[in-house]
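K.L.:
Residue numbers (this note's numbering), protein chains in the order written: chain A, 1 to 257; chain B, 1001 to 1284.
If you're looking for bench data, these hints aren't it; they were derived computationally from the structure.
In silico contact screen, one side only, chain B against chain A (beta carbon under 10 Å); selected entries:
1) Asp1163
2) Asp1165
3) Glu1168
4) Leu1173
5) Ala1175
6) Asn1176
7) Leu1184
8) Leu1190
9) Phe1263
10) Trp1264
11) Glu1271
12) Val1273
13) Arg1277
14) Ser1282
15) Ile1283
For glycine and all other residues, C-beta sits at the position ideal for the given N, C-alpha and C.
Spelled out, the chains give:
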Amino acid sequence: MADEVVIEAKGLTKAFTETVIAVEDAIFQIPKGSFISLVGPSGCGKSTLLRLIAGLIDKTDGNISVRNAEVTGPRKDIGLMFQKAVLLEWRTAIENVLLPNEIRGDVGPEAKQKAWDGLQLVGLKDFEFSFPRQLSGGMQQRVALARLLQTGADIMLLDEPFGALDEFTRERLNVELLRIVDDPEITTIFVTHNITEAIFLADKVFVMTPRPGRIAAMIDINLPKPRTIEMETTPEFNALIKEVRDVLSGHLDGAPL
Amino acid sequence: MSDVSSDGILKGVKELSLVHKLSMHLGVFVILIGGWELGSRLGYVNELIMPPPTAIGYRLYEMFFITGSIYWHYFVTMFEAVCGFIIGVSIGLSLAVTSAISPVFRRYWAPYAVVFNVTPGIAVTPFIIAWFGFGWSSKIALAALVCFFPPFINTLTGLLYIDKDATELFRSLGANRKQYFWKLQIPSALPIIIAGLKLAMTGALIGAIVAEFFSASEGVGILMQRFAFRLNMDGSFAALIVMSLMGLSLFTLMEYMDVKVLFWRRHSRMEEVSKKRKAKWSIN
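Could you put together the complete structure from these sequences and hints?
P.N.:
Structure below.
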């Protein structure tokens, strides 16, 4: 893995009001090609941190830079995915995947071919012309993933993308996600409140604690790759879960929930 | 596959065969109308208050097929209602779009639309007649006035309440204002806009007829009033039924548009459109 830093935060802070501090003094460097999980309880500022990186909201203090440039707004090399698939209901799957191209004004044969291939890659062969309502929740997220790939972004910010799906679908999609982003050029930040999922996917887990939202620990995950579901039962994996839990409970003891 | 819209939330009625359903409808209809007719014939119902269905039916037959007198009135009222609808909807839609785009306009101008709406439209009929005269234009004006509000408020609501995640998606993709408006705001708002148009259609018909009641020389409204003033109740009722027919035909038109435009709300239509899009697809 190259050590080139793509995302860097120094003292990054976001306060919504004087007392509501969503993110406080975040300091981190994310190397190119790595997969970072951002785990923490609801309301700990994970999503806010993700939106700061995406340039969707303005910081209150500190610095956030992507490829050595201060983030001032949405960037072409950053793609987003949400807990909801956010598909346009009046467009077929492939038309949804082509949305990024349409917005950039380059819907040519190349873009169309890429969208077609993207849908095959996420396992939606034969569903290219289905409308979102004709697809299951898991399939809708697959379309959203294909759309994300279509943007050509090499920094992927995923905000609990499979959080609304059932356990089985989620596990399968996680494995497929790893296969797709297993590329030294692609840097991924994955927000979740599921500790197992966070560890399973990541090279490094950032543990966030609430009020104020802080990154309490950064834990390296040195499990072998490619990851398999069976690893989740190994002693090493359980030790990592305990480590994350200890960080969270250390901060949560006595805190009002 | 059945339609989402017609599925019904509570399935109280068991699914029957078409013949069975039709005969049930017919049965209920015959009981109602037959009871009424019988009541009249046996003298329980005063014919001056409630004429028997056969008399009304005959009057309708006469209007449509013997004298043909109804057609012109029908056309006049329809024309007034539809013109009023078009004008009212145009005003409502443009006010809504302007309000959605400009917060300043929304804050300082839109409240007048609300005041306008809470003032009973019917009450301004005398003004409308004073301003626009006794001809068709006053009816069109009242129809427009009565029907502009539902499209306005529905369109404004639809354009403003856009899914937050979808907005973030569009921002992150670098969409400009125009793309955001045409590719997200308008299609997201379409269902509620069309619901507003349906309300406006009925409103426009009411507006046109009420204006005719005040003063008119032609139209179904004035026709009905003339019959009523002469205590010609069967004629009056016949005119009322003609009004229902008008409302029904306009409403059917709106339903048709609903089904055509909002295809993503109905499974059967989605399948159709899906096939069409597939056939149209080419990599070039």
